[in-house]
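Just so you know, the sequences run in chain order W and H.
The first sequence begins at 1436 in my numbering and counts up one residue at a time.
The second sequence begins at 1436 in my numbering and counts up one residue at a time.
Careful, some of the hints might be misleading.
Heads up, the list lumps identical chains together, so a pair's fine if it works in one copy or across two of them.
[As the list claims (entries may be wrong)] Here are the simulated DSS-like cross-link-like pairs (lysine-lysine), alpha carbons at most 30 Å apart as the crow flies:
1. Lys1610 with Lys1676
2. Lys1587 with Lys1451
3. Lys1676 with Lys1505
4. Lys1676 with Lys1645
5. Lys1574 with Lys1514
6. Lys1441 with Lys1640
It is worth saying that the hints were derived from the structure and are not from the lab.
Number of protein chains: 2
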Amino acid sequence: MLSSHKIKIIQSLDKKKFRQKYNLFLVEGNKIIQEIPNSAFKIKEIFSLNLENLKIRNVESSLISPAELKKISFLQHPKDSLALCELPLESPFQEFSKQIILDGIQDPGNLGTIIRLADWFGIEQIICSEDTVDYLNPKVLMASMGSFLRVKICYKNLEDFCAETENANLGTDMKGENIYQFQFPERFNLILGNEGKGMRPDTFKNLQHKITIPRFGNYQNTESLNVSMAAGIILGHIFSKK
Amino acid sequence: MLSSHKIKIIQSLDKKKFRQKYNLFLVEGNKIIQEIPNSAFKIKEIFSLNLENLKIRNVESSLISPAELKKISFLQHPKDSLALCELPLESPFQEFSKQIILDGIQDPGNLGTIIRLADWFGIEQIICSEDTVDYLNPKVLMASMGSFLRVKICYKNLEDFCAETENANLGTDMKGENIYQFQFPERFNLILGNEGKGMRPDTFKNLQHKITIPRFGNYQNTESLNVSMAAGIILGHIFSKK
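The shape of chain W in the complex, shown without the other chains:
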């Protein structure tokens, strides 16, 4: 049985402060939990409705009831299992030829969706500004559909990083060059800004190229595309040349 103390700790893990305090974060669902041993992450403890279905060894595991799972899950419809994992150790930084940079993304769904996109297109690393939502937030992990296990994600001071990177910095800007005419360089950082305010000036000044997705509809009132959708369309176009 789950102690009320442990329930309280798990329930607090939707907040970054408590993830750091306890050095823990949560992963839900057998499908994703089973991939953890092959990733850079480490499971500390598992709680499951049916341990037989989980093929993971050498990890402390407890059988729990659906009522207990409901208490500790952050899902509206809890899945089969929940794993407490240790926060990852910071690994030495390495640049990749194709990276995504996020400047102040706030919506967990957007970050999760962008991680999932990076995984699909084989973008190995996402570099986030320090004020971007934490990728170990349960809502981000949910939206990433397990892709956080396969994409490197780090947080950096973007002003410094964008000045020092060896890749060309490409940023979205409504007055930028049409992506369909733009020649994408071999090495690039695709930079995406905050949902409302866009990129901060310190990031914007380090752009080598500004790009935009042209609108084909004829209505002036059309809202610009959501940031994760814009990322998908740009990546889809870049990879059309491969």
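Based on these hints, arrange chain H on the given structure of chain W.
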């Protein structure tokens, strides 16, 4: 002041059954409400925190308090105004050269996002299967960011429609042709299936072409892309040739 009877009616409008019973649906936010007079929709009544900010004439309007707005709004953070609108009359059906067909889309966010995409790319019409979520659902309207005012949306029996359309039916299928190699025909229906189950067999059998977005990442466990993201990437690619 808002009568409790009226509050009850408005609060029921998140359900299709009550939208049909009262012949009403809800639009929230000055920005979108102000576009309604230039669309195919008609406002019946407006409730606003500040009527001066709303430049709409000849419509019954009431000043309400923030507490009243909170009661009738479906938003977590209610905006400035809320408009009760009449359900649209069915207009005579017309085919367009580029259409989206949705077969059983259930998630309101996905439908709203696809409407917004259609608006961006100038796709004039979306044809939904009868079991696709109702586009006048408040969550769909919210996600569409006002684009439902500019894109024609209708509900049809897809088996009949797909057999009779003059456009080529293109559907997503994991075993389909790579979109980057596929020659998109001039007239097409882009058909997207249910989030979990995909297209129903009666739709699938009417496809002239099956297409897929290739995965560039190297991991077998990567989840396939969400349906609205797939729509965005495919449309982005189609329009790269324009």
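Status of each hint after checking the structure:
Taking identical chains as interchangeable, the C-alpha atoms of lysine 1610 and lysine 1676 lie at most 30 Å apart whether they share a chain (24 Å) or sit on different chains (21 Å). With identical chains, the CA atoms of lysine 1587 and lysine 1451 are at most 30 Å apart within one copy only, with a shortest distance of 19 Å there and 43 Å across copies. In the homo-oligomer, the alpha carbons of lysine 1676 and lysine 1505 never lie at most 30 Å apart, since the shortest distance is 47 Å inside one protomer and 50 Å across protomers. Within a single copy, lysine 1676 and lysine 1645 get their C-alpha atoms as close as 19 Å, and across copies as close as 21 Å, so both meet the 30 Å cut-off.
Both within a single protomer and between protomers do lysine 1574 and lysine 1514 lie at most 30 Å apart by alpha-carbon distance, with minima of 14 Å and 24 Å respectively. Taking CA atoms no more than 30 Å apart as the test, lysine 1441 paired with lysine 1640 passes in neither setting, with 47 Å inside one copy and 53 Å between copies.
Violated hints for the displayed structure, listed by number in ascending order: 3, 6.
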